[in-house]
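Position 38 of the sequence shown, counted from 1, bears residue number 38 in UniProt numbering, the numbering being contiguous throughout.
Treat the hints as calculated values from the structure; they're not laboratory data. There could be a bad hint or two in this list.
In silico DSS-like pairs for lysine-lysine, Cα to Cα no more than 25 angstroms straight-line [said to hold, decoys possible]:
| no. | residue 1 | residue 2 |
| --- | --- | --- |
| 1 | K136 | K73 |
| 2 | K40 | K64 |
| 3 | K126 | K91 |
| 4 | K64 | K136 |
| 5 | K94 | K126 |
| 6 | K132 | K40 |
| 7 | K126 | K72 |
| 8 | K126 | K136 |
| 9 | K132 | K73 |
| 10 | K73 | K91 |
| 11 | K64 | K132 |
Across the chosen pairs, the derived CB separations fall in these ranges [claimed, not checked]:
| no. | residue 1 | residue 2 | range |
| --- | --- | --- | --- |
| 12 | I116 | T18 | 41 to 51 angstroms |
| 13 | Y88 | Q119 | 13 to 23 angstroms |
| 14 | S74 | T18 | 40 to 50 angstroms |
| 15 | L15 | T80 | 40 to 50 angstroms |
| 16 | I26 | E145 | 31 to 41 angstroms |
| 17 | Y88 | L11 | 17 to 27 angstroms |
| 18 | H76 | T21 | 31 to 41 angstroms |
| 19 | L77 | T18 | 47 to 57 angstroms |
| 20 | L11 | R140 | 43 to 53 angstroms |
| 21 | N67 | T90 | 17 to 27 angstroms |
Glycine included, C-beta positions come from ideal geometry on N, C-alpha and C.
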Amino acid sequence: MISIIPLTYLLFLALMLTPMTIFLIIQVANFFNQQSYLSKQAIKAHQSQNKKILLISNYENKYKIANIYINKKSWHLALTILYNGIYYNTKMDKYWFAKYHNAIGFIFEQLDFNIIARQHYLLASKICPNYKYALKNLNRLNSNEYNRDSRI
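All chains should be built: construct the whole structure from the sequences, respecting the hints.
So, in structure tokens, the structure goes:
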């Protein structure tokens with residue numbers, strides 16, 4: 001009887017810690033993959049002959065890196081990349097401008113700056129009416145505010 005208690009305790013600990021350990025290993029692997037992507041982009045930018053203010057080569061890579069920062073909830077870094085991308089990339093097509101403004105709107109919505117988020121969603125939908133995510137986010141934001149106002 002006495003030898004069963006430590007064995008069940010050990011089995012219980014193993015069953016509880018194994019899923020947590022697997023989850024942590026997956027999270028660490030994702031983190032290192034994202035960090036290696038950022039490092040590769042910075043190395044490419046330094047090796048290029050075209051040394052500009054921005055370290056990232058094109059607007060698609062800037063958007064990917066901004067999404068990495070959004071996933072990490074590093075809002076200020078994502079906003080910096082997105083605003084610089086809009087300011088310095090005047091040759092972007094309308095779809096990408098809309099995508100950038102939609103991402104900026106999403107960040108401001110996460111920070112509860114709904115008025116600014118709405119402005120960016122509206123701007124994205126005006127720039128590229130075919131970009132459906134901006135309209136979807138704008139409708140969601142409006143319905144959330146309507147539900148909040150009706151509870152008051």
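Hints versus structure:
Restraint check for K136 and K73: satisfied, since their Cα atoms lie roughly 22 angstroms apart, inside the 25 angstroms limit. Note on K40 and K64: the hinted pairing holds, with a Cα-Cα distance of about 13 angstroms set against a maximum of 25 angstroms. Annotation: proposed proximity of K126 to K91 holds, straight-line Cα distance about 18 angstroms (limit 25 angstroms). With a CA separation close to 21 angstroms, the supplied pair K64 and K136 stays within the 25 angstroms bound.
Between K94 and K126 the CA atoms are separated by roughly 10 angstroms; this keeps the pair inside 25 angstroms, and the hint holds. At roughly 32 angstroms between alpha-carbon atoms, K132 and K40 are farther apart than 25 angstroms, so this suggested pair is violated. For a cut-off of 25 angstroms, the pair hint linking K126 to K72 is broken: about 29 angstroms separates their Cα positions. In summary, the hint linking K126 to K136 is supported, as the alpha carbons are separated by about 13 angstroms, within the 25 angstroms threshold.
Restraint check for K132 and K73: the C-alpha separation of about 24 angstroms stays at or below 25 angstroms, so the hint holds. Straight-line distance between C-alpha atoms of K73 and K91 comes to about 29 angstroms, which puts the hinted pair past the 25 angstroms bound. For the given pair, K64 sits about 19 angstroms from K132 by alpha-carbon distance, which is consistent with the 25 angstroms threshold. Taken as a hint, the range 41 to 51 angstroms holds for the pair I116 and T18, whose Cβ atoms sit roughly 45 angstroms apart.
Between Y88 and Q119 the beta carbons are some 21 angstroms apart, a value that agrees with the proposed interval 13 to 23 angstroms. The beta-carbon spacing between S74 and T18, approximately 31 angstroms, falls outside the hinted interval of 40 to 50 angstroms. At about 45 angstroms, the beta-carbon gap between L15 and T80 stays in the expected band of 40 to 50 angstroms. Separated by about 36 angstroms at the C-beta atoms, I26 and E145 satisfy the suggested range of 31 to 41 angstroms.
For Y88 paired with L11, a C-beta distance near 59 angstroms fails the hint of 17 to 27 angstroms. Our hint of 31 to 41 angstroms for H76 and T21 holds, since their Cβ atoms are close to 33 angstroms apart. Our hint of 47 to 57 angstroms for L77 and T18 is violated, since their Cβ atoms are close to 35 angstroms apart. For L11 paired with R140, a C-beta distance near 46 angstroms keeps the hint of 43 to 53 angstroms intact.
Distance hint check for N67 and T90: the Cβ-Cβ separation is about 22 angstroms, which falls inside the suggested range of 17 to 27 angstroms.
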